[in-house]
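Colleague: Using the supplied hints, reconstruct the complex from the two chains, each of which is provided in its own coordinate frame.
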Amino acid sequence: MRLELGKIRITDVQFGEKTKVENGTLYVNKKELIDIAMEDDRILSVNVELARPGESVRIAPVKDVIEPRVKVEGSGGMFPGMISKVKTVGSGRTHALVGATVLTCGSIVGFQEGIIDMSGPAAKYTPFSETFNVCIVIEPREGLETHAYEEAARRAGLKIGAFVGEAGRDVEPDEIVVYETKPLLEQVAQYPDLPKVGYIHMLQSQGLLHDTYYYGVDAKQMVPTFMYPTEMMDGAITSGNCVAPCDKVTTFHHLNNPVIEDLYKKHGKDINFIGVILTNENVFLADKERSSDMVGKFVEFLGLDGVLITEEGYGNPDTDLMMNCKKATAAGAKVVLITDEFPGRDGKSQSLADAVPEADALVSCGQGNLIIEFPPMDKIIGTLDYIETMIGGYEGSLRPDGSIEAELQIIIASTIANGYNKLAARTY
Amino acid sequence: MSKIKVVHYINNFFAGIGGEERADIPPEVREEAVGPGMALDAAFGGEAEIVATVICGDTYYGENMEAAKAAILEMIKKYSPDLFVAGPAFNAGRYGVACGSVAKAVEDELGIPVVSAMYRENPGTDMYKKDIHIIETEISAADMRKAVPKLARLGLKLAKGEDVGPPEEEGYHVRGIRVNYFNEKRASERGIEMLVKKMKGEEFVTEYPMPVFDRVSPNPAVKDISKIKVAIVTSGGIVPQGNPDRIESSSATKYGIYDISAMDSLGADRFMTIHGGYDRAFVTENPNLVVPLDVMREMEKEGVIGELADYFVSTTGTGTSVGNAKGFGEDFSKKLVADGVGAVILTST
Chain A
0 MRLELGKIRI TDVQFGEKTK VENGTLYVNK KELIDIAMED DRILSVNVEL
50 ARPGESVRIA PVKDVIEPRV KVEGSGGMFP GMISKVKTVG SGRTHALVGA
100 TVLTCGSIVG FQEGIIDMSG PAAKYTPFSE TFNVCIVIEP REGLETHAYE
150 EAARRAGLKI GAFVGEAGRD VEPDEIVVYE TKPLLEQVAQ YPDLPKVGYI
200 HMLQSQGLLH DTYYYGVDAK QMVPTFMYPT EMMDGAITSG NCVAPCDKVT
250 TFHHLNNPVI EDLYKKHGKD INFIGVILTN ENVFLADKER SSDMVGKFVE
300 FLGLDGVLIT EEGYGNPDTD LMMNCKKATA AGAKVVLITD EFPGRDGKSQ
350 SLADAVPEAD ALVSCGQGNL IIEFPPMDKI IGTLDYIETM IGGYEGSLRP
400 DGSIEAELQI IIASTIANGY NKLAARTY
Chain B
0 MSKIKVVHYI NNFFAGIGGE ERADIPPEVR EEAVGPGMAL DAAFGGEAEI
50 VATVICGDTY YGENMEAAKA AILEMIKKYS PDLFVAGPAF NAGRYGVACG
100 SVAKAVEDEL GIPVVSAMYR ENPGTDMYKK DIHIIETEIS AADMRKAVPK
150 LARLGLKLAK GEDVGPPEEE GYHVRGIRVN YFNEKRASER GIEMLVKKMK
200 GEEFVTEYPM PVFDRVSPNP AVKDISKIKV AIVTSGGIVP QGNPDRIESS
250 SATKYGIYDI SAMDSLGADR FMTIHGGYDR AFVTENPNLV VPLDVMREME
300 KEGVIGELAD YFVSTTGTGT SVGNAKGFGE DFSKKLVADG VGAVILTST
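The listed protein sequences correspond, in order, to chains A and B. For the first sequence, numbering that gives the first Met the number 0 assigns the number 0 to the initial residue and increments by one for each residue that follows. For the second sequence, numbering that gives the first Met the number 0 assigns the number 0 to the initial residue and increments by one for each residue that follows.
This is chain B alone, in the form it adopts within the complex (with noise of 0.2 Å):
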């Protein structure tokens, strides 16, 4: 089997390309390990080596990230590697968030596995601990011995496509995602015992700390909506006749925007629901019910509204995750406000 390929990002400092005062050089690359990529090649036994090396200063990373971004990604996709590894970036701030962000593109983008390592309070290890794993390090380059090894075992097991233990195993910082395992003892058993303890005024652990949800404060009220375009959004899965944007009955991963222009009331034939929550039978007759077209279009004649927008946007709400109906919503609602809608009826089952 081929060694797998593997690129490296790293700072001018750790590439001995001067201190703070080069910290200003823009991305460029070499065909071979550098500083800190010579103790990754080694750890890698073999199994992987690095063939490039992308070196970029802080302050010109974080002065302009965009380019610079775009630019290492060009850098990278031409040795089409296997795993890229950013770091380790320790305490390093401008150095941990450039490691977090350029990883995070290739992932994204180029599909590549990543791993950088990072200190825990580098601010680089909270903006992008989610969205990939970070090795954690001491706060200095003292700690290299040790991050290197865990470093290169992740990595391949990332490039191999190896299933990733726990943090604790692996020496990630906790990144957040809810995995599923097969405990010892089923629930109610484990339930009992930590009402025991928890009884007795002895330490427990919780199996899931309560989550934190951030609450939108709701706009000033709308001073005069009969000058107002309004639309209707609906997480009650109102989809035309056939669901032709194939919206999940639970657990959304889109949503839909439909056309109403024409239409005085929504009628049964032409729409129906998806939503997998509800019993649908009175909606299915009418689906008015839940996208209320047939009464606003009443008050836009009246002048009670300014006027209806020319659609409405719908998704399925049962089962939907937050992360993904956060992401609807700023998606669509940069439409609403391009099309010139002021206020939003959302209505839900």
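So that you can see chain A by itself, here it is in the shape it has in the complex (with noise of 0.2 Å):
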């Protein structure tokens, strides 16, 4: 499978009469998103405001993060079984608006959405401060149940973020980047010499509003499958909302999984990148087992040689990170796990909730209980009404002058467990 992305590098954006691209401007007809959101009766009312890097903005409570994308060459449309048909994606050619979001947020769903800092201290620790985001603010109607609104909006982010990436459509991109995983006895013969790595990715799927969607499936009801890395660039994978906010895996994260854009550097150089493993996180029992065992066996079955792990959440989560690791290991492959760390605001109790001895090599996105201060801003997009029931909040967090205090763990993907940050931790 080979996928052309053709990065368009958005440097502003502003509202106009045409939602488009221009000089490197993203433009966005206010009507039309509201349009877009307001299909879904189950919406109330809709705003859409902007958000630049530096300016004096917040943003709460933030549901998901999409990065506007648009197909253009190849088979099925942007977020596959979700918004478009179930069409296998992938390959062609994909043109990104890098540097803008689609951004949902808006009163809350559960206690798990969180904040974002345009500029001061807090702004270094979430990558949607250096973005210029399109945020849609959702109101949902009254009575409307939380899954229902979760859906909504959910919906309605996906929409908007494929509209507003039809804008990059016939634009020429800055930058074309080709992805190329090929079948598997062809990617194993073509570079025979090199370590075969694969990605074993698990997905959010606790339930419970907790969850995560391959091809529009509830990633709690399948089993482990393997897939080409270029699908997931195409929205092969989408987030539901309310993981705790500092390792929510946004869709936006899923189009641009770093480690996938790493191992693809390393393709050729240092290994033999084969593909990605993709696994869940169930609650039960039984179901850890069986697709940890489902991971080994693929393993196995790939003959790999290592494997990198990555997760999303913490907690309970990290029991299947373990078993997946042990079991890999089992298999046959080196392993290494990248994940975040919560070890309690003084830093001094277990960081994980579970280990295993395979476990030997580890690396850290950071402790998310750290306390930190978040200054007044000028605007508030959204509403600071939940600041203290969030996940990272408490009584006393926010303040009447509108700073907060609070733990990290309240800021979106700022210890986002697949390695997309720079944050990490040490001892001390």
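What the hints contain is simulated information worked out from the structure, not anything from laboratory work. There could be a bad hint or two in this list.
Claimed, not checked - Okay, the calculated beta carbon distance ranges per label pair:
| no. | chain 1 | residue 1 | chain 2 | residue 2 | range |
| --- | --- | --- | --- | --- | --- |
| 1 | A | K268 | B | V204 | 17 to 27 Å |
| 2 | B | T283 | A | F225 | 32 to 42 Å |
| 3 | A | P375 | B | A66 | 43 to 53 Å |
| 4 | A | D34 | B | D268 | 38 to 48 Å |
| 5 | A | D173 | B | P239 | 52 to 62 Å |
| 6 | B | D330 | A | T24 | 55 to 65 Å |
| 7 | B | E202 | A | E21 | 44 to 54 Å |
| 8 | A | D34 | B | D330 | 52 to 62 Å |
| 9 | B | A267 | A | D217 | 21 to 31 Å |
| 10 | B | A267 | A | E171 | 53 to 63 Å |
| 11 | A | T24 | B | D268 | 49 to 59 Å |
| 12 | A | D217 | B | T283 | 14 to 24 Å |
| 13 | B | K196 | A | P120 | 32 to 42 Å |
As the list claims (entries may be wrong) - Restricting the straight-line Cα-Cα distance to at most 27 Å, the calculated cross-link-like pairs of lysine-lysine (DSS-like) are:
| no. | chain 1 | residue 1 | chain 2 | residue 2 |
| --- | --- | --- | --- | --- |
| 14 | B | K145 | A | K123 |
| 15 | A | K265 | B | K199 |
| 16 | A | K325 | B | K197 |
| 17 | B | K184 | A | K265 |
| 18 | B | K184 | A | K123 |
| 19 | B | K2 | B | K145 |
| 20 | A | K347 | B | K2 |
| 21 | A | K264 | B | K197 |
| 22 | B | K159 | B | K196 |
| 23 | A | K296 | A | K181 |
| 24 | A | K296 | B | K199 |
| 25 | A | K347 | B | K68 |
| 26 | B | K325 | B | K253 |
| 27 | B | K300 | B | K334 |
| 28 | A | K268 | B | K184 |
| 29 | A | K296 | B | K196 |
| 30 | A | K181 | B | K197 |
| 31 | A | K264 | B | K199 |
| 32 | A | K325 | B | K196 |
| 33 | B | K184 | A | K347 |
| 34 | A | K268 | B | K196 |
| 35 | B | K196 | A | K265 |
| 36 | A | K268 | B | K197 |
| 37 | A | K421 | B | K184 |
As the list claims (entries may be wrong) - A few chain A positions that, by computed beta-carbon distances, are all more than 10 Å from chain B:
| no. | residue |
| --- | --- |
| 38 | K29 |
| 39 | D40 |
| 40 | R41 |
Beta carbons are placed, not taken as given, at the ideal position from N, Cα and C, and that holds for glycine.
Modeller: Right, here's the structure in full:
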């Protein structure tokens, strides 16, 4: 499977008569975006606001972030099984508006949505302080059940993400990157002397508002499977809302998976990147056993010499992480884990909820319990009403002047465990 | 700016008051730098000065720990110092324990920054390195010249509230505290580099060695539960409506004890869940799903259990550190035992 990803660099966002990209500026027609969201009668009202890097803006509670993309050549459309028909994606050509996002926010679904600061000391913890964000502020109809609200917000984000992506269809990209993974036997034969490496990608699937979708299938209802890495770049995997904000793998992060990106950089040089083993993080022990058994089986079947494993969430999924590590090791692969840490506010407790001796190579994405300060911002997109009950907040977190004291985990994707950030923890 | 005020703690030996035979002297205070305090005072370079030195024999401290500690705290409090320094104790075991114990008490109870210095095998190092900064020294006082400048430098930083660097930079014993920093490379890239090394059989350094958990071995089974008082303890975040104790929805720092004496069931009008780690829809409708008061009352009436305690204990499990959880358990278990509870049902979510 071969995908050309055309990167169109966005350096500003403005409202305009027509949704388009011109000289690096993304113009969006506010009414068009509102109309798309309002197609869903579960939504009471929608507003669109823009947030740019360096502005005194705080966005909360953020649900999902989507990079606008459009399928230019090749089969299928963006986000297959969700807003496009089910059709295998990942080949041909796709254009991405790099540096822009569509972001959903507005009154809270669960406890688990987060904050983005566009400037100030908290901005450095989230990648979305550096992007030009089209914020879709959603208000649900009164009495709407949380699952229905989550779904409505999720679909609105994906539809608007794809709509804005259309603006890049006929724009000449600033850069074209080609990603290619061949069918297994050919791929193995291409670099016979390099170690065969796979990526075990654990999807959040604890359920009850902790979900991820693969071609529209709820990940907790699937058994582990194997995929071409480029499928993800066309939105084969989309995020459900409501995972602890700090380690939420947003749809943006599925489109821009850093492990895949960096494995391709080493592909043909240090390693032979074979593909992605996709698995889940269900809560029942039988599911954990079944899924990790199958992950081990894939590692053996594919003859992998090494694997990287990432998780989404913390606590319960640490068990899946460790079971996968143990079974992938037993299947003959060298294993490296990438994850974040929760050692308590004083940093003195165990960072993980589970451990196995095989987990002797781990890369840290930072610890989420650290308390940080958020100064007041001039403008709030969304609402601060829920700060104290959001994950990472507590009584007294929100002060009357609008400043906040909270655990780092309240910031969207601040300790994301797929390795996207440079934040790490070390022992003092 | 006025000078930073320092109180220094040393034992009788370093104060020049005899050796082992005088190790039984009770604490005393002198309003000057004494023994190693003189070198320390000089190392502060004029930024700080030792206003008092507390001297205590190690034997006396060891045999009268609580009383000695209280007396020493009183002595220190009087000078309201900005920094407390204990030692260096090198490899003197009892001295090291005394330094660590006093320093921890000063930090906890007086809220004053503290620093000590010891050899890595001094038992005081292992006992107190998580609580306080302990500069690493060699085995004997021959290392005093090298230890004192490090002690002074870290002490000044702590007193001024400046950021403390990593152990290898500042020279203190690794404390086991996980601290964030920004690496030059993102985690995915570091992971791939680590994997390439691991596959080649080259040396690599994990960024987090696997933690050790203390496994709690279960007590023997209850022989006859029909004669036992049972209590419910939950990490499922059930609290009275309004969450009176303001327990956090994740990373709990507290727990609550809630009365159920006059109830046969947990009414949704009176109880709620604040747990941030699961969808609360069903539990909001029926809190008995997490604290099964309804079923327990039936079992109590049927005589299956002897009696149900008048209250349940509740906190939020999601994201709560092992340290906090252990603290809660140690704390409320005393009450359970005092109230004659013989068995506990733990419910989680």
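Colleague: Please go over all the hints and tell whether each is borne out by the structure.
Modeller: The hints, checked one at a time:
| no. | hint | verdict |
| --- | --- | --- |
| 1 | A:K268 - B:V204: 17 to 27 Å | 23 Å, holds |
| 2 | B:T283 - A:F225: 32 to 42 Å | 40 Å, holds |
| 3 | A:P375 - B:A66: 43 to 53 Å | 50 Å, holds |
| 4 | A:D34 - B:D268: 38 to 48 Å | 42 Å, holds |
| 5 | A:D173 - B:P239: 52 to 62 Å | 58 Å, holds |
| 6 | B:D330 - A:T24: 55 to 65 Å | 59 Å, holds |
| 7 | B:E202 - A:E21: 44 to 54 Å | 53 Å, holds |
| 8 | A:D34 - B:D330: 52 to 62 Å | 57 Å, holds |
| 9 | B:A267 - A:D217: 21 to 31 Å | 29 Å, holds |
| 10 | B:A267 - A:E171: 53 to 63 Å | 60 Å, holds |
| 11 | A:T24 - B:D268: 49 to 59 Å | 55 Å, holds |
| 12 | A:D217 - B:T283: 14 to 24 Å | 23 Å, holds |
| 13 | B:K196 - A:P120: 32 to 42 Å | 35 Å, holds |
| 14 | B:K145 - A:K123 | 39 Å, violated |
| 15 | A:K265 - B:K199 | 15 Å, holds |
| 16 | A:K325 - B:K197 | 16 Å, holds |
| 17 | B:K184 - A:K265 | 15 Å, holds |
| 18 | B:K184 - A:K123 | 15 Å, holds |
| 19 | B:K2 - B:K145 | 24 Å, holds |
| 20 | A:K347 - B:K2 | 33 Å, violated |
| 21 | A:K264 - B:K197 | 18 Å, holds |
| 22 | B:K159 - B:K196 | 42 Å, violated |
| 23 | A:K296 - A:K181 | 21 Å, holds |
| 24 | A:K296 - B:K199 | 23 Å, holds |
| 25 | A:K347 - B:K68 | 25 Å, holds |
| 26 | B:K325 - B:K253 | 11 Å, holds |
| 27 | B:K300 - B:K334 | 25 Å, holds |
| 28 | A:K268 - B:K184 | 19 Å, holds |
| 29 | A:K296 - B:K196 | 24 Å, holds |
| 30 | A:K181 - B:K197 | 25 Å, holds |
| 31 | A:K264 - B:K199 | 18 Å, holds |
| 32 | A:K325 - B:K196 | 19 Å, holds |
| 33 | B:K184 - A:K347 | 25 Å, holds |
| 34 | A:K268 - B:K196 | 14 Å, holds |
| 35 | B:K196 - A:K265 | 13 Å, holds |
| 36 | A:K268 - B:K197 | 16 Å, holds |
| 37 | A:K421 - B:K184 | 6 Å, holds |
| 38 | K29 | 33 Å, holds |
| 39 | D40 | 22 Å, holds |
| 40 | R41 | 16 Å, holds |
Violated hints, in rising order: 14, 20 and 22; the structure is consistent with all others.
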